[in-house]
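So the protein lines, in turn, are chains A and B.
Number 211 marks the last residue of the first sequence (the numbering used here); no jumps.
Number 186 marks the last residue of the second sequence (the numbering used here); no jumps.
I should point out that these hints are in silico values taken from the structure, not numbers from a laboratory.
Glycine included, every Cβ here is placed at the ideal spot set by N, Cα and C.
There's no promise every hint is true.
[Claimed, not checked] Chain B is faced by these chain A residues, among others (derived, beta-carbon under 8 Å):
#1 I21
#2 I23
#3 M66
#4 K67
#5 G73
#6 V85
#7 N87
#8 G95
#9 G122
#10 M143
#11 A148
#12 T151
#13 V161
#14 T180
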Amino acid sequence: MNYIWSFLILISIVVGAVNGKLNDVVNALLSGAETSVKIAIGICGVMVFWLGIMKIAEKSGIVEWLSKILTPVANFLFPEVKGNDKIIGDVAMNFSANALGLANAATPMGLKAMDEMQKINKDKSSASNSMCMLLAMNTAGFQLIPATVIAILVSCGAKNPTEIIIPTFIVTSFAFIGAIVTAKIMQRIFPPQTESGGE
Amino acid sequence: MENIRHILDIISVYALPSIIFVILLWALIKKVPVYETFVDGAKEGVDVTLRIVPYLTAIVVAVAMFRASGALDMLTACCAGFLDKINMPSDIVPLAIVRSLSGSAALGVFSDIASSNPVDSYVTKLGAIMLGSSETTFYVLAVYFGSVGIKKVRYALITGLIADFLGIVGAIVVANWFFA
Chain A
13 MNYIWSFLIL
23 ISIVVGAVNG
33 KLNDVVNALL
43 SGAETSVKIA
53 IGICGVMVFW
63 LGIMKIAEKS
73 GIVEWLSKIL
83 TPVANFLFPE
93 VKGNDKIIGD
103 VAMNFSANAL
113 GLANAATPMG
123 LKAMDEMQKI
133 NKDKSSASNS
143 MCMLLAMNTA
153 GFQLIPATVI
163 AILVSCGAKN
173 PTEIIIPTFI
183 VTSFAFIGAI
193 VTAKIMQRIF
203 PPQTESGGE
Chain B
7 MENIRHILDI
17 ISVYALPSII
27 FVILLWALIK
37 KVPVYETFVD
47 GAKEGVDVTL
57 RIVPYLTAIV
67 VAVAMFRASG
77 ALDMLTACCA
87 GFLDKINMPS
97 DIVPLAIVRS
107 LSGSAALGVF
117 SDIASSNPVD
127 SYVTKLGAIM
137 LGSSETTFYV
147 LAVYFGSVGI
157 KKVRYALITG
167 LIADFLGIVG
177 AIVVANWFFA
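With the rest of the complex left out, here is chain A:
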């Protein structure tokens, strides 16, 4: 992350200077900083709401019940958290919300799982295998119905916007499984957490 982040910024400055767009780069810096806080404030309300609802789901036993059903799958994906109903339940809710296209609800649920994973993390500043797996599941963007894309197609006057649903589903499932397999392989290649954090 250190390299990629500094690469993005350094290259921007160099290329911006060469292209004579340095002014734009500076403006982008300022507006980008503003945007990032706006995004955070934008998700704050939803975050507060869903974390409240999640607490209710947790207290009433729904999270635990969900995790019981999914234990076999979860043990394969997240061997580190074996038997931790809270984490597995949160992950299950995060996945379901993603699949239904409820991104607003999915993020707080995923963050709740992250929070629980951090509690049992050996090195608090580096990502555990479970965290990387959760990230892999989330960055792959698995969803049953690409609602936003369909909405754009509709607004452009597509004759048959829903025809992309099945192909998209095939691709997103493929990428999702690919992400999980990749995370599993990377676990073996990368040095374990306690020795060095790695990049």
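Assemble the complex: chain A is given as a structure, and chain B must be docked to it using the hints.
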């Protein structure tokens, strides 16, 4: 097809309210003090949001600068020559690159593709599949790791990018198969 759309509409309208309804109802049956519990859990939300800010700023600023400098266009131009060979229209290239970096940019690029090409063309459909099957890797990374203060991401980023790449390849293969 009309039926499918009808079902989709129902799902998108009912999914969220039903989840809330079921959770609340079940909690009441279980005699959970719902209001107190809600407020208790919700309190954490503000903290989490604040914790994310530095991580989000870091990545959003870097990506914004990268785009504004013209470096992203250059990267796109570099890749275009190669990607033409694997039957990937050059219109799609910016989308493939940008979708890991910025969600709003990807949406913008796709809207562009959809409006500058015939809406029922192969390019538009490929773009739709590509966008619909992806999530903004850098954003997810910033938010998830930011919320718990993880600074060393280990293999999470490379895994996300490999998955993105698989998604791009998959989208091209499947679009060829369905629509070419």
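Status of each hint after checking the structure:
| no. | hint | in the structure |
| --- | --- | --- |
| 1 | I21 | holds (5 Å) |
| 2 | I23 | holds (5 Å) |
| 3 | M66 | holds (6 Å) |
| 4 | K67 | holds (2 Å) |
| 5 | G73 | holds (6 Å) |
| 6 | V85 | violated (18 Å) |
| 7 | N87 | violated (20 Å) |
| 8 | G95 | violated (21 Å) |
| 9 | G122 | holds (6 Å) |
| 10 | M143 | holds (7 Å) |
| 11 | A148 | holds (5 Å) |
| 12 | T151 | holds (4 Å) |
| 13 | V161 | holds (4 Å) |
| 14 | T180 | holds (4 Å) |
In this structure, the hints that do not hold are numbers 6, 7 and 8, in rising order.
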